[in-house]
Amino acid sequence: MFDEYFCPCYHRPQLVDAHSPTETMTQTIQSPELATQATFTALKCKECGAEYEPQAIHVCEFCFGPLEVSYDYNALRRQVTRESIQAGPNSIWRYRSFLPVSTQTPIDVGTGMTPLVRANRLARRLGLKNLYIKNDAVNMPTLSFKDRVVSVALTRAKELGFSTVSCASTGNLANSTAAIAAHAGLDCCVFIPSDLEAGKVLGTLIYSPTVMAVQGNYDQVNRLCCEVANTYGWGFVNINLRPYYSEGSKTLGYEVIEQLGWKLPDHIVAPLASGSLFTKIHKGFQEFIKVGLVEDKDVRFSGAQADGCSPIAQAFREDRDFIAPVKPNTIAKSIAIGNPADGVYALEIARKTGGNIESVSDAEIVDGIKLLAETEGIFTETAGGTTIAVLKKLVEAGKIDPDETTVAYITGNGLKTQEAVQGYIGEPLTIEAKLESFERALERSRTLERLDWQQVLV
Amino acid sequence: MAVKVLIPTTLQKFTSDRATLECDATSIAELIDSMEQSCPGIKGRLCDEEGKPRRFLNLYVNDEDIRFLEGVQTALKDGDQVSIVPAVAGG
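Chains as they are written, first to last, in the numbering used here: chain A, 1 to 458; chain B, 1 to 91.
There's no promise every hint is true.
[What the hints assert, rightly or not] What follows is a set of in silico ranges between Cβ atoms, one per label pair, in the way DEER data are often shown:
hint : chain 1 : residue 1 : chain 2 : residue 2 : range
1    : B       : E50       : A       : Q215      : 31 to 39 Å
2    : A       : D72       : B       : Q37       : 39 to 47 Å
3    : B       : D24       : A       : G354      : 36 to 44 Å
[Said to hold, decoys possible] Chain A stretches covered by chain B per the calculated footprint, using a threshold of three residues with CB under 8 Å from any CB of chain B:
hint : region
4    : 62-75
5    : 238-244
6    : 322-334
7    : 337-344
8    : 385-399
Simulated from the structure, these hints should not be mistaken for laboratory data.
C-beta atoms are modelled at their ideal positions from N, C-alpha and C, and glycine is treated no differently.
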């Protein structure tokens, strides 16, 4: 799919950005100790292969393809063992050699190493035998996988000399950027759509960043931020720092391998917004195979979208290799990206691994949130509800083998999107402080259970 | 038909470091040709070998992505603002 046809510069010799190679080299050579630690070598265009110095740039100046960090895998193979990783900190920084930072003191707020839960009750309900939940609903410090990408982006931002950091966000990224910037002592200005869930807005404001609530959807916020990034010298984690930021998601792949006892799963299901997380889990798996940390095995990659914003699922269904942008309309706001930048790469991975990309309705998303909570005691947000609902749909369609070791990635916490489930869950039984009042209420609740009472979605 | 064009940093080497351009054009296709006249080489960056805007590039007329309008045939009128925005990851 990504052939030279798209890229007139494919055959060019590899290019290095002429702007500032000297400064970069000076920065990294200043400390010999740091220089030997860094294993990332360059930024490389995913489309045409042009190479650049690892500065704060994110698109290829020839073909506008996304830039990705490349590493010296021979050095990694020499430097890293399972033992050296296990001896590292209990956070994403145990994988520091695979992340694009050169410092030995990254911003470590305990991000990562979240539980991989054997989900027996959910598995039984769905008809699976080996199901795991990777639970980033309890990631630190802000209860979503975004803490991983932001920890990496802000560590790199400091190395590149930024004093102000920023982002365009559907909520979780804003929470994380504001919190970790506060910890790191960086100035912070975040941009969000003005209709976000209250929990996500409050969960950003508490850290006292400047918050711009933009009257528009996420894609419009992103466009504005690109224009701001052009004129202000800020480090936008998902724009000019994107190559570094997105690498943080690889740790979701590494951790699952390590937590499965240094084995790959057979199948993963993850939510798709921009498609970045999905592709980076794949990259994480491939890197551990490449350096010999895990035995090679085929892993199927399946993606989850909401019907109200499913440009990647639509392209998958229609067997297209391009993404037609859509205007989002779903309760799953954290994954409501109508113009997904990494959508084509997510499509490619799902297809080549024999996975699927499915979408589900808002009602199914709410049911997915409730199902995970009731069977596993995990309260996820709408993105997680989407993942569970798609998992269920794929099992019902016979697209997940019950014997496969399957990992569902839960990327955010339900306390941030309470609006989504309000009206669809039970209510407390208000009683007097008297035994007979309690007994009456208990009898009533048991009657309701016997009647299999439940609220109906409208 | 003066149209204001916002130029991303990546392309400002073609515009003598200017972040905005004023162009005369009645459609996006015409605008790209007009930009090529004043900033030679810029069309080759904006468009692929078939002359279509590159797939990782988003073009907006005022607030609307041209893929929701008429693509490169989207009409422009005096005072319109066109944004050239590379795709970015998010969330």
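request  = Provide an ascending list of the numbers of those earlier hints which the structure does not satisfy.
outcome  = 3 and 8
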